[in-house]
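Enquirer: If you want the building blocks of each chain, they are given just below.
2 protein chains.
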Amino acid sequence: MNIREEVKRMKADSPQMAALSLEMRNRALEETARELESRKEEIFAANARDLQAAEEANLPPSVQKRLKFDEHKLLDVVKGIRELEKLSDPLAQVQLARQLDENLNLYRVSCPIGVIGIIFEARPDALVQISALCIKSGNCAVLKGGKETAATNKVLFEIIYQTVVGCGLPKGCLLQAEQHQEIDELLSCHDCVDLLIPRGSNSFVQYIMNHTKIPVMGHADGVCHIYVDEDYDMEKALPVVVDAKTQYTAACNTMETLLVHRNIAEEFLPEAAKALTEAGVKFRGTEEVSRYIDCEVMEEEEFHTEYLDLMLSVKLVDSLEEAITHINTYGSHHTDCILTENSRHAERFMQLVDSAGVYQNCSTRFADGFRYGFGAEVGISTGKIHARGPVGLEGLVTYKYKLYGQGQIVADYAEGRKTFHFQELSEE
Amino acid sequence: MNIREEVKRMKADSPQMAALSLEMRNRALEETARELESRKEEIFAANARDLQAAEEANLPPSVQKRLKFDEHKLLDVVKGIRELEKLSDPLAQVQLARQLDENLNLYRVSCPIGVIGIIFEARPDALVQISALCIKSGNCAVLKGGKETAATNKVLFEIIYQTVVGCGLPKGCLLQAEQHQEIDELLSCHDCVDLLIPRGSNSFVQYIMNHTKIPVMGHADGVCHIYVDEDYDMEKALPVVVDAKTQYTAACNTMETLLVHRNIAEEFLPEAAKALTEAGVKFRGTEEVSRYIDCEVMEEEEFHTEYLDLMLSVKLVDSLEEAITHINTYGSHHTDCILTENSRHAERFMQLVDSAGVYQNCSTRFADGFRYGFGAEVGISTGKIHARGPVGLEGLVTYKYKLYGQGQIVADYAEGRKTFHFQELSEE
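Chains as they are written, first to last, in UniProt numbering: chain Z, 1 to 428; chain C, 1 to 428.
Just chain Z, with the same shape it has in the complex:
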């Protein structure tokens, strides 16, 4: 059977999946956690095959490290599943309860989105986390992982799938796509896939966004800025810029551009350059910046660059306004920070910078669902529709309106025989 047919069957099963009780979803999660623990040797054996293939293919050490699924990783994912079990139900939440008229009661109630396609990087733990998030939120999921972890993913998927179907979840709850060409087939299923969540390289995510009519949640770029205002505090500023650039360079919330107010450039730039250089960072900047620090001179257009490496773009600005305009023009609307002791400046920056995260005096690296206390992270969105910034379980739900009547018709209201009285109902 091809992916399209399987996804169609999944779509047909999705209302059943949406109707599962919280108890049933949590039991499926708990059984999955147990099964993963009890069948761990199978998983490790499959992972050993992936690792050997990676070594033979001479994949970079950083990639090989990511593929590894050992006792420690297993412990992590099992812990993650059990934390997810404890989270309150994202479904059946009453978001609005209103009496429109006598015996005509409207409820807005959260429900799953339906069928979600998730295309993720070569990390076996990702497959487990994503499956668990979809089960908790009552969504059916098509999973496509990186080919470098094919053997591990196959075993993990089999364990999860058998377990949850054994717990009574519908057969169409989860589906694994194993072939790369199946991605394009999935992208064409806009009649039965409700949402796509791609993770991976910028160019890959961009490809997905450009080749499907299915709504996409995620981000292609993370060009994050820190603007050092005239009224900054050196003691706070230095650790923050070092952390934002170097704490984990490969992350999307890493600072890529440092903007510095011209009046403090002479004082701040050499100090910042010293601290960052010690952490291994190299610089690119405007002609003017090169007078203060050792850097490669760059062109204006290059300020769009996301390095994901120990490299930083630097530019001087004349004002808070210029910094804001630069960020809105060259940024990716992800996370941007102002370092200032002036709360008026901070408010103006936060108001006018058009990004999912606007920060004062802290590292851009805080942009993360776990650090925001969401308990689970689906991804980070730079779109403004549906979900923005780090997205927790609520990003996997929508809502429906339930209206309970006793035979009411619209003509009575349109022709003035009855009128709505709109009264909020207390929670039941």
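By construction, these hints were calculated from the structure, which means they are not laboratory data. Careful: at least some of the hints might be erroneous.
Just so you know, same-sequence chains aren't split out, so a pair can sit in one copy or run between any two.
In the EDC-like style, the derived pairs of lysine to aspartate or glutamate whose C-alpha atoms are separated by at most 20 Å in a straight line are [as the list claims (entries may be wrong)]:
1) K73 <-> E415
2) K8 <-> E321
3) K213 <-> D191
4) K282 <-> E301
5) K86 <-> E37
6) K8 <-> E185
7) K8 <-> E322
8) K147 <-> E55
9) K213 <-> D184
10) K236 <-> E102
11) K213 <-> E267
12) K236 <-> E415
13) K73 <-> E158
Using the hints, position chain C against chain Z.
Expert: For chain C alone, kept in the frame of chain Z given last:
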């Protein structure tokens, strides 16, 4: 200047638009209401030209009626603007306030989406309503109305634009696209338009959805169902099916398909047919239906049809489950109703039918922002991402995360020197 360049300038102005105080947005609305009243003769004169052109072009009477902008319509739109003024601010609402750690405070705050493109039918009042909604919600808007009201729209737009810019709104707050070919140009502006809201015929909305990378909010089809359950009440059922089919046939929330439980077909169908026939409705149905009522026999695949006319598809089903499957297969996920006195059946229907609105014992025509008490309606969405069902002002806003720190860095948390304590902050 072409649309692309104008929209780019609008995008640059959108943070200023987002930062306007509620007072300023409301004052712009109030001044607009006054200006429309005081310059009404200009508007009526322009409208007379549109009406004359429509008559000369022999447009159908229903269209000609929709084009009319008279004293009554003016009163309506001015009243609408003043009601919008009274609505509470959709912006700057604190949706989450959480202390992540000492002096590290996270807020999720509502803000405008940014630049919205709205393509609407030939109804001059729509231009005023849409502009007002965007002003209230701090969004910049590109407006493209139907060509049949070009003269009226031009005057209305000039009055609104001059007034609000006179009140201090940024020059890029509103833009009118007057040429049809500008639509395609607008569809390609995915780098500066954040959301498209198309209104109009199904094929037009479908065209928009298929030809842009910009997120689209709206609906192409409205294939709404009523399922008459075994446990129905005849007294409630007859008025509801008549209202749902005939109260306003051109609306998207009109019933297009009637599903009837086989066990009650003999009793219910002739009665329903009588009441509907009196209201002018004709029928199409399966072979079996034609044994009970006078109808044209139709094929299964035709149950996708949206008539928007005095025509109804009829089918018998064996069970609640069959009705649900039919609706999920042939419906458009808009609004579907069950007529039943059995609350278990109602709950099952509402749970499993995958539509924006799921009703018990009332007309599908209630699916409307005003009837839901939203005070203003942006449109009705059959998508599940962002907004679903009738969409009020909240469909024009997103949110951003504001994080206030005192120099915190992620390394301290990643390396265990500090831990998050996640504590909800009381509203300020």
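Enquirer: Decide, hint by hint, whether the structure agrees.
Expert: Do the hints match the structure? See the list:
1. K73 <-> E415: between (65 Å within a copy, 18 Å between copies)
2. K8 <-> E321: between (51 Å within a copy, 18 Å between copies)
3. K213 <-> D191: This pair counts as both: shortest intra-copy Cα distance 9 Å, inter-copy 17 Å.
4. K282 <-> E301: So K282 and E301 pass the 20 Å test inside one copy only (19 Å; across, 64 Å).
5. K86 <-> E37: For K86 and E37, only the intra-copy Cα distance (19 Å) is at most 20 Å; the inter-copy one is 58 Å.
6. K8 <-> E185: within (12 Å within a copy, 35 Å between copies)
7. K8 <-> E322: between (51 Å within a copy, 17 Å between copies)
8. K147 <-> E55: Close inside one copy (14 Å), not across copies (65 Å); limit 20 Å.
9. K213 <-> D184: For K213 and D184, both the intra-copy (12 Å) and inter-copy (17 Å) Cα distances are at most 20 Å.
10. K236 <-> E102: between (60 Å within a copy, 15 Å between copies)
11. K213 <-> E267: neither (51 Å within a copy, 45 Å between copies)
12. K236 <-> E415: between (66 Å within a copy, 19 Å between copies)
13. K73 <-> E158: For K73 and E158, only the intra-copy Cα distance (18 Å) is at most 20 Å; the inter-copy one is 63 Å.
Violated hint: 11 only; the structure is consistent with all others.
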